[in-house]
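The task is simple: from the sequences and hints, build the whole structure.
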Amino acid sequence: MPEPQCLELRVTSLESPDNDLFYHLSLESPQWQWRPGQFAMLRPTSWRHEPLWARPFSISDQDTNGLHFFFQRMGSGTDLLSQLRPGDVVTVWGPLGNGFTISHTTPTMILAGGMGLAPFMGLIRHHPIPQNLELFFGHRQPLANYPFSEIEDRILAWQVREQGPEDLEKLFRAIEVKIKGYSIDGNLLACGPLPFLRRIQKLALDHNANTQLSLENRMACGVGACLGCTVPTKSGELVQACTQGPVFKADAVDLSGEL
Amino acid sequence: MPEPQCLELRVTSLESPDNDLFYHLSLESPQWQWRPGQFAMLRPTSWRHEPLWARPFSISDQDTNGLHFFFQRMGSGTDLLSQLRPGDVVTVWGPLGNGFTISHTTPTMILAGGMGLAPFMGLIRHHPIPQNLELFFGHRQPLANYPFSEIEDRILAWQVREQGPEDLEKLFRAIEVKIKGYSIDGNLLACGPLPFLRRIQKLALDHNANTQLSLENRMACGVGACLGCTVPTKSGELVQACTQGPVFKADAVDLSGEL
Amino acid sequence: MDMQVAFAGLDLKNPIMTASGTFGYGTEFMPYGKLEELGAIVVKGISLAPRKGNPQPRITETACGMLNAIGLQNIGVEAFLRDKLPQLPWRTTPVIVNLYAQAVEEFAELTDRLATAKGVAGLEVNISCPNVREGGVQFGQDPVLAARVTEAVKKRAGALPVMVKLSPNVTDVTVMARAVADGGADCISCINTLTGMAVDIHSRRPCLANVVGGLSGPAIKPVALRMVHQVVRAVDVPVVGLGGISSAEDVLEFLLVGAHAVQLGTANFVRPDTAFKLVDEVRRLAEEMGISAWEDFRGTLELP
Amino acid sequence: MDMQVAFAGLDLKNPIMTASGTFGYGTEFMPYGKLEELGAIVVKGISLAPRKGNPQPRITETACGMLNAIGLQNIGVEAFLRDKLPQLPWRTTPVIVNLYAQAVEEFAELTDRLATAKGVAGLEVNISCPNVREGGVQFGQDPVLAARVTEAVKKRAGALPVMVKLSPNVTDVTVMARAVADGGADCISCINTLTGMAVDIHSRRPCLANVVGGLSGPAIKPVALRMVHQVVRAVDVPVVGLGGISSAEDVLEFLLVGAHAVQLGTANFVRPDTAFKLVDEVRRLAEEMGISAWEDFRGTLELP
Ligand SMILES: Cc1cc2nc3c(=O)[nH]c(=O)nc-3n(C[C@H](O)[C@H](O)[C@H](O)COP(=O)(O)OP(=O)(O)OC[C@H]3O[C@@H](n4cnc5c(N)ncnc54)[C@H](O)[C@@H]3O)c2cc1C
Ligand SMILES: Cc1cc2nc3c(=O)[nH]c(=O)nc-3n(C[C@H](O)[C@H](O)[C@H](O)COP(=O)(O)OP(=O)(O)OC[C@H]3O[C@@H](n4cnc5c(N)ncnc54)[C@H](O)[C@@H]3O)c2cc1C
Ligand SMILES: Cc1cc2nc3c(=O)[nH]c(=O)nc-3n(C[C@H](O)[C@H](O)[C@H](O)COP(=O)(O)O)c2cc1C
Ligand SMILES: Cc1cc2nc3c(=O)[nH]c(=O)nc-3n(C[C@H](O)[C@H](O)[C@H](O)COP(=O)(O)O)c2cc1C
Ligand code: FES
Ligand code: FES
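These protein sequence lines map, in sequence, to chains C, D, R and F. First residue of the first sequence: 1, per full-length UniProt numbering; consecutive thereafter. First residue of the second sequence: 1, per full-length UniProt numbering; consecutive thereafter. First residue of the third sequence: 1, per full-length UniProt numbering; consecutive thereafter. First residue of the fourth sequence: 1, per full-length UniProt numbering; consecutive thereafter.
Think of the hints as simulated: they come from the structure by calculation, not from any bench. Among these hints, one or two may not hold up.
With a Cα cut of at most 25 angstroms, we get these calculated BS3-like pairs of lysine-lysine [to be verified]:
(1) K170(C) <-> K180(C)
(2) K277(R) <-> K34(R)
(3) K52(F) <-> K234(C)
(4) K52(F) <-> K249(C)
(5) K234(D) <-> K52(R)
In this text, all values refer to a predicted model and were calculated from it rather than measured experimentally.
Here's what the structure looks like:
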């Protein structure tokens with residue numbers, strides 16, 4: 001895999017469909033070689049010592065217009081990111097992590113929870129055989145906030161908005177129906193909040209489906225040095241999600257505890 | 001004197017003649033009763049814990065367009081202030097301090113060093129008898145960066161740009177020539193860096209001229225509570241520059257030490 | 001919700017107190033809010049005789065914090081009782097006087113004077129002063145001396161609750177906490193400032209004339225929270241937590257680890273109406289969280 | 001200018017070292033700069049056997065700082081010597097191994113192993129570990145134990161310089177400094193992290209599974225600078241300063257109070273090329289200030 005780099009990149013645009021929670025951030029393109037599931041650490045140069053850490057975001061896509069990220073405002077860091085303006089400079093290091101192992105010729109089921117959609121945008125856009133992709137998407141916020149319609153135009157896509165506890169069950173039932181087929185000759189790629197991934201992990205193990213889970217652990221350095229982002233493997237080791245992951249085989253990690 | 005207030009005010013404009021060092025900041029007008037020499041503490045609401053303290057600035061003027069400040073970029077705080085944009089919100093408390101004691105009917109000599117010009121803008125603009133005002137202005141940066149031409153149009157004004165050690169001596173000699181007259185029936189109002197004020201103090205005491213000095217001590221609270229801004233009086237007490245000053249009679253304070 | 005809290009003979013409308021040395025004599029903040037809405041007012045450290053304090057510069061900014069070396073400048077107990085106290089709403093809001101002295105006998109004398117003064121609701125003993133006569137050891141770092149000061153003050157305090165304020169500059173804060181609790185403290189406040197230093201590489205001089213100073217502000221909150229957590233578990237007397245508090249969340253964090261009340265320090269400088277706004281913000285946050293009385297929340301931290 | 005600095009048997013190209021636990025095994029940072037341009041590399045704390053460390057969560061952000069409770073996860077000395085050390089440019093840049101053990105004998109054993117290993121330039125003894133067998137007292141808070149550990153390591157270290165790393169969680173850091181200097185330390189590094197805590201008011205749980213953790217980052221710089229200042233004046237051995245360093249100005253501040261070199265810790269997380277850039281920035285700043293050799297600047301702080 002090509003070596004990551006640390007660069008200072010200018011913001012080329014920042015758009016928010018709802019002017020509040022969801023943001024599409026574009027930076028000048030560093031022309032990285034990357035694969036879906038890899039991420040970058042972002043830290044505007046205007047942050048002095050507070051917040052201290054950069055924040056990790058999946059590389060959503062890269063094209064001639066730039067390097068693209070989708071993020072949701074969660075707390076102090078994303079709040080400040082949402083105030084960036086074109087021309088502002090962001091320190092960026094990446095591409096980081098392993099990314100998904102993808103075979104274009106294999107039927108692939110994408111399972112995304114909320115902003116877990118972000119790492120799949122480029123994959124969906126540039127996949128040579130879009131018929132091989134199918135998306136299941138669970139979300140809390142209105143659908144219009146996510147780039148879902150673009151996805152729907154290209155691949156088969158299902159979505160459920162979680163407004164009550166039952167809604168997500170519908171999604172998982174639909175997934176369960178399909179997973180049987182994929183467990184024979186397909187791949188599953190999943191990204192989303194931890195409880196979502198735990199459910200997917202269980203389904204995957206129950207059905208012995210070839211499944212990759214992308215974790216969103218808390219990270220300080222992104223380069224494997226701080227040991228803050230570790231996740232227990234099934235064998236009891238603790239490995240860094242930033243360098244050994246963020247993508248893990250469903251049968252490789254123990255997600256039962258806090259991360 | 002009317003009670004100070006703590007308000008959140010929007011930035012209406014921020015202009016920089018040199019796009020670098022000098023800034024004219026306007027906030028929505030709080031309609032304060034104020035007098036020249038009073039100041040306000042400014043802290044943009046976007047500063048979380050860093051920098052920690054608000055920064056003190058002389059109220060330069062207030063009109064229907066807003067509350068006006070002039071500042072020079074010095075360090076972290078003024079650097080961040082220089083990045084404000086219209087609509088940004090600033091926490092402001094003031095008017096603080098005593099301000100100058102002014103008699104419109106008395107011939108008044110204004111002595112300003114650098115941004116020490118700021119507190120006098122409103123006084124010069126609104127003085128009913130501009131012939132009673134005369135300004136001596138020492139500065140390091142190009143004259144165009146200061147609102148000097150506007151002043152020159154209204155009152156008698158002298159200026160020297162300090163590019164070598166001799167330049168400021170010229171200014172002090174000119175002041176010394178004039179001070180004799182003012183010491184009989186006039187007032188002197190001075191504001192500027194500490195070494196500048198020390199020189200003025202000496203001249204004032206030598207000539208027994210009725211002189212008020214405005215200090216720019218480091219301040220944390222601006223309300224008299226932290227005791228960080230104290231200045232020794234001639235009697236050996238330590239008094240808060242923010243509440244007992246920032247304007248002191250030249251014979252009242254001991255400026256020999258660090259402040 | 002019911003914001004009241006009572007402990008150690010103090011009855012507070014709400015758990016927000018102001019920290020000594022950061023709220024002047026209280027009067028400075030009158031333009032910015034109603035003093036009677038605060039839980040309690042702790043005034044600037046008061047000594048028997050007026051003190052001039054240290055030379056300038058006395059304060060400097062640090063990352064998310066500040067250093068101060070004011071040196072306990074104050075107008076002395078007589079001027080305080082005569083000129084300042086009567087201006088405070090002491091009938092409705094407890095006024096707690098922070099005591100500073102250089103020797104045990106001086107602490108006792110100061111207590112005598114305050115115990116008979118009308119309008120004083122409690123004493124806070126500052127045993128982390130930088131210069132003391134006795135053996136050159138700081139009261140706040142020696143458990144034996146700390147206990148002796150506490151005893152001396154408690155003996156003369158009569159009905160006045162005695163709060164002792166601990167220094168964080170110790171190896172084991174629970175040793176100090178036990179010492180002052182054994183010495184008779186009705187209540188413990190912690191923490192005072194961490195000793196720190198800043199220098200100017202261009203002038204090659206310390207940023208403070210006193211060379212070292214006390215670090216306060218958000219930077220020290222994790223240390224303060226840890227010490228309050230330790231002290232709450234080490235002694236039976238109620239604890240007042242402080243150090244770096246600036247928001248309603250911060251207040252609840254200290255109550256969660258077991259503090260009965262908190263003090264707001266450096267945050268008073270950052271914005272002069274912070275203490276007043278905080279009372280409302282704490283009420284709002286507590287209600288949002290479904291807290292109806294502090295007893296149900298205080299010390300409910302779940303440990304693994 | 002000549003950036004070199006030599007002390008305690010170490011010969012550094014420049015005074016910028018990386019702090020243990022914040023620079024992994026060095027290899028993690030290879031994409032971001034040339035390791036051979038650093039003054040020295042101090043690697044993650046190494047123990048005899050591999051250690052898994054503490055459960056998650058292990059890190060949390062604080063105001064201008066962070067808390068960590070990694071619990072000294074490491075691959076153990078054998079794997080380090082076999083898999084990591086050979087990848088480092090140890091021929092041109094001193095590699096210093098940070099030692100962690102739970103008992104004096106274990107420290108001695110670890111030293112034996114490292115003293116004979118090719119490519120190790122020095123040892124840094126971490127005596128501020130949270131869990132030690134001996135009497136439940138932390139090595140870093142007890143001068144007698146600290147001296148014993150130092151002696152044990154020094155005795156087995158042969159020609160290897162021994163640096164002892166002090167904890168800031170003590171009443172008087174000079175007592176600890178004298179103890180380890182008397183124990184034979186060639187050099188002292190200070191400070192390690194301040195013990196702190198953070199809690200989540202919504203889950204009512206500590207933010208770290210370990211409850212408490214070590215506070216690092218810019219927030220602690222004033223405390224670090226004060227302690228380096230004290231230690232430099234208390235002992236004759238050279239001092240390496242660290243704690244909150246993030247800029248060239250910070251580096252010069254520590255040298256000004258008397259440190260021979262510095263270590264960059266948490267700042268390595270904030271941006272992975274910080275250490276590399278810092279070397280250039282320190283050179284530029286020193287030249288701007290007219291410093292031609294560190295001897296002319298080190299410890300030139302003017303005290304009032
Ligand atoms: C590899 C990776 C890729 C990611 N990709 C994306 C992406 O493409 N788009 C996107 O919107 N987000 C993504 N995230 C999550 C994103 O990094 C966090 O939402 C962000 O760091 C939150 O920062 P904050 O300062 O706004 O929140 P904080 O103020 O730090 O925290 C707000 C709340 O979020 C929780 N939180 C913070 N960080 C994390 C975390 N890493 N995991 C779980 N909970 C957390 C906190 O505990 C708190 O409850 C990714 C994370 C990782 C590790
Ligand atoms: C009553 C009063 C009125 C003022 N009016 C104005 C005004 O109208 N316009 C204006 O431009 N400035 C004015 N100042 C000065 C202004 O407050 C400082 O320049 C500003 O606080 C610097 O902040 P900073 O964060 O940019 O600098 P910092 O990063 O804090 O410091 C940069 C450099 O300036 C020095 N410095 C910082 N604050 C002070 C201070 N208060 N006195 C002396 N040196 C200092 C520091 O030591 C350092 O060398 C006034 C100050 C006072 C007390
Ligand atoms: C400028 C200043 C002056 C202080 N003066 C006193 C004092 O007189 N007596 C005292 O016990 N504590 C004093 N303190 C300590 C505070 O009361 C408080 O313990 C400390 O600042 C930590 O809280 P904070 O982080 O909220 O400020 C002072 C603190 C500051 C910043
Ligand atoms: C995540 C992390 C891990 C650390 N691990 C070690 C360690 O293994 N051994 C050690 O001596 N110090 C360790 N430290 C302490 C640092 O080396 C350093 O002393 C401390 O962080 C203060 O410096 P800083 O503020 O520059 O980070 C660690 C610090 C952090 C933040
Ligand atoms: S984020 Fe630091 S090791 Fe993964
Ligand atoms: S600035 Fe706080 S007392 Fe003057």
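Out of the numbered hints, which ones does the structure contradict?
-> none
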